[in-house]
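Novice: Each chain, written out:
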Amino acid sequence: MTARVLLIEDEPNITEAIRFILSRDGCEVTTLADGVGAVAAVRAVMPDLVILDLMLPGVSGLEILAELRADPATQGLPVMMLTAKGQGRDREAAERAGANHFMTKPFSNDDMRAAVRALISG
Amino acid sequence: MPFNILVLSCLAYVIFLFAVAWAAERRADRGQLGWLQSPLIYTLSLSIYCTAWTFYGAVGYAARSGLEFLTIYLGPTLVFVGWWWVLRKLVRIGRQQRVTSIADLISSRFGKSNLLGVIVTVIAVVAATPYIALQLQSVTLSFSVFASPTDDGFAPPGTEATAVWVAAGLALFTILFGTRNLDAKEQHHGIVTAIAVEAVVKLVALIAVGVFVVWFMADGPADMIARIDASDIADWNLQPGRWAGLLFAAGAAVICLPRMFQVMVVENADERHLATASWAFPLYLFAMSMFIVPIAVMGLERLPSSANPDMFVLTLPLSEGQGALAMLAFLGGFSSATSMVIVESIALATMVSNHIVMPVWLRLRPAKAVSGDVRRLVLLSRRISIGVVLGLGYAYYRMSGGSAALAAIGLIAFVGVAQFLPAMIFGIFWRGATRIGAALGMSVGFVVWAYTLFLPSFGPDAVIPAMVFVEGPFGIDWLRPRALFGVSTMDPLLHALFWSMTLNTAAFLAGSLFTFPGPVERMQGAAFVRVFDTASGSPRGWERGVAEPEDLLVMSQRIMGDDDALIFFEAEAKGQGKAGYLPDPTSDFMARLERRLAGSVGAATAHAMMSQLAGRATVTVEDLMAVASESAQIMEYSARLESQQEEVTRTARALREANEKLMQLSIQKDAFLSQISHELRTPMTSIRAFSEILTEGDLPPEQVANYGRIIHDEAKRLTRLLDDLLDLSVLENGTVQLNLGLANLSQMIDRALASASHTKPERSFVIFRDLPMENIFIRTDADRLVQVFINLISNARKYCDATAPELRISVRQRGGRVTVDFADNGSGIPKESQALIFEKFARLTDQTRAGGAGLGLAICREVMANLGGTITYLPGQGGAAFRVAVPLRLERKVD
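First to last, the sequence lines map onto chains A and B. With our numbering applied, the first sequence corresponds to residues 1 to 122, in that order. With our numbering applied, the second sequence corresponds to residues 1001 to 1895, in that order.
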């Protein structure tokens, strides 16, 4: 089976890199560059995994996550948070908000693949 | 008796005195003052009044003039018994003002005038020199009597040699114990103790001779009285004028003699000693005078008429073969002479050194010599002064030939020092006394004394030509020394005393009445005259029942506050066994209340207020002055407090503000670091991911090229970000090096447009310019200004969302400033964001990002600040519009 991943990330180059890595690993990657329509997109796609950037134009990744966790339909979705800030308190905030995994930019492609596999088979 | 034994005994006695003085000094040094400060020692030290003159001379006086010698003893007795309150005042002033000599007292009283100090010192030295000579003479005389040629052909050495040795020995002793150290108060425990011992020796010696005369030469008191009745001495030859004059002179002398002042006031350790001395000293004088008449009578009776009556005390025992008794008498006389000379020379040396040598030295000294130890200089000048004083005494002794009768010299000195009396007594009792008055009085008195008594004492033609005595100077009859103003009926001593004191007092009063005391003089005068009123710390008593308790309460409430006053009054009333709030105004209560009020308003104010209520209308000028100075102090104090409080408040506010700023800065710094981290990590993430993808291989070539280009772009973005950060840091720290020069604005805009065209080159912009207006030369850093322009144009190229984008660049010059506006025709910046755009990392949307990190406008703002200009957003221009304003001529910053 091919896992469907929804990637919400505003940096086009990073989006391209993750899309390429995960596609080659057999995932079907949908991308979104804006946080505004993110929750609706998740509901529409209902992916196997959401990869969510913490800092998005318009809406914060944490707000999107909280909204997903509040909705029974998306409550159990695995969510990986991405952040370029890399500070401890961002990780804590993400975990409190219900993120299943937390990945700091820059990451190694192997880590990304391993984390995605673990979350999907999860 | 062999001369050598005599000298040896003297030496032994002197060594004994040395030991006594030394032991006393040691005790004093260890702080074991104990009996050193007893009333007994004080009284005995006063006995330096009895010099060799009274020891030897009184007998001679009695033998020549009968009972008149008693005046010399009665004068001091009257002063000590009847005037002891004057002495107490002197002692109190002396202690309070730390007076070091009689010259110091008078100069201090009249505004610390050194002129007066000099006058007193000169009079004292002139009057005391013959007196010191008198002592030397009596010692040498007694030596020669004692060691008169004997059967075995012994002849005494020359009397001059004896006098030299005596003077030198005394100088040595005085210097050793009189100038050991400098004390604020010139007290000399060693010397005072030695003098007390000498006082005992001379008393014992004189009484021993007296007892010998009465009980061994005569047959007891009854026989003695019979002999006295038979002699001329007993003739009660009372001359009231002369007696009164002598009593006055002796009484004045006991206060005014420098040595008496020294032991009575300066060396006084405790005021209460004076109470003891007031009866004990007259007693001592009585004991000293008791046997004078018997000795004189017996001397006249037994000894050949050629014998010197001044030496009866010695020659009577000698003639009876009583060597040991004579020896004791000799030591008594020796004691009298030495103690007088020692104290006199210390007192005079202090005066000479303090009022003549030191002021002269201070005026003459080289400016640099100030830093040295003045103490050593003072001690040296004291020592030299002692030598000089004794040298003068010796010189006078040699000049006068040592022939005059002892008593005559003593009385001359008495009248001389009596010239201090008006200035001193008026000075401590009359606040109107002035410096001019004192100087006039003492000078006039001194001149009259010298002219009528002192100079004539050298004999006719010695100083004053004999003709002057007969005809007056320049033939002016009424100026004859012995008959001033034609008064020729008095005897010379009385004549001199009368005129010198009368003219002295008259000049003093006239001077005081016609001059006005200066401020220091007034203060000192008040301090002296009211020494008992204003004694430090001693509360002035309040009479019972003169103030209404209710008035006191009302006043206290005003000062202490309602509650505190009520509590205080209630407690006081309770202490008196009364209920309520109104205690009886007892003196205790009044004193406590005054102290309590003094704590609030100051002592002088409290006293003045209490005086008002107690019906004592005597709020004096001093009270008012004290009140004024207290109020001034209190006002100054509270003003200081107030300003301190303001300062504290100000500091606290400044601290709070600084703290808030620091907190904000700290938050900003955290946010900034977080932003930088984010901005750095973002390109690094792409670079890392794509480089790993490329490493893994197995990619079509066009994808390799694409991913390679991404890595390249992101690396460039990273570099640009770091450049911007460094640029910003330099700009913000103000450490940027400006390269000032004249540049044409139009050319600068050309450069900026050319550079910015690389941003989004695909977009074609229509640029509107006003070339004539742009043709201005601006003195600025052209590269920096162009950097700002590029930023603005690039922003317009990036963010202007119009389909047919335009950019209008308009220039205007106002005074010394030039403004350049950049306005595009896009949708502009939303109102809520306008305040943020110049902040760091304030990128508004990222949809159209062109690799910027959001530092551009922040850098522009910093550049403009460095160029002395501004960059602002112009709202309401239809699109995004920025205005850059720069000074036309930027001068280099002056730090």
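Since the hints were derived computationally from the structure, they do not count as laboratory data. All C-beta atoms in this analysis are idealised placements derived from N, C-alpha and C, irrespective of residue type, glycine included. Hints may be right or wrong, so weigh each one.
[As the list claims (entries may be wrong)] To give a feel for the contact side, a few chain A residues facing chain B, derived at Cβ under 7 angstroms:
no.	residue
1	E11
2	N13
3	I14
4	G26
5	K105
6	P106
7	N109
Novice: Against this structure, judge whether each hint is valid.
Specialist: Verification of the hints:
no., hint, result
1, E11, "holds, 6 angstroms"
2, N13, "holds, 4 angstroms"
3, I14, "holds, 5 angstroms"
4, G26, "violated, 15 angstroms"
5, K105, "holds, 4 angstroms"
6, P106, "holds, 4 angstroms"
7, N109, "holds, 4 angstroms"
Hint 4 alone, counting from the list given before, is not met by this structure.
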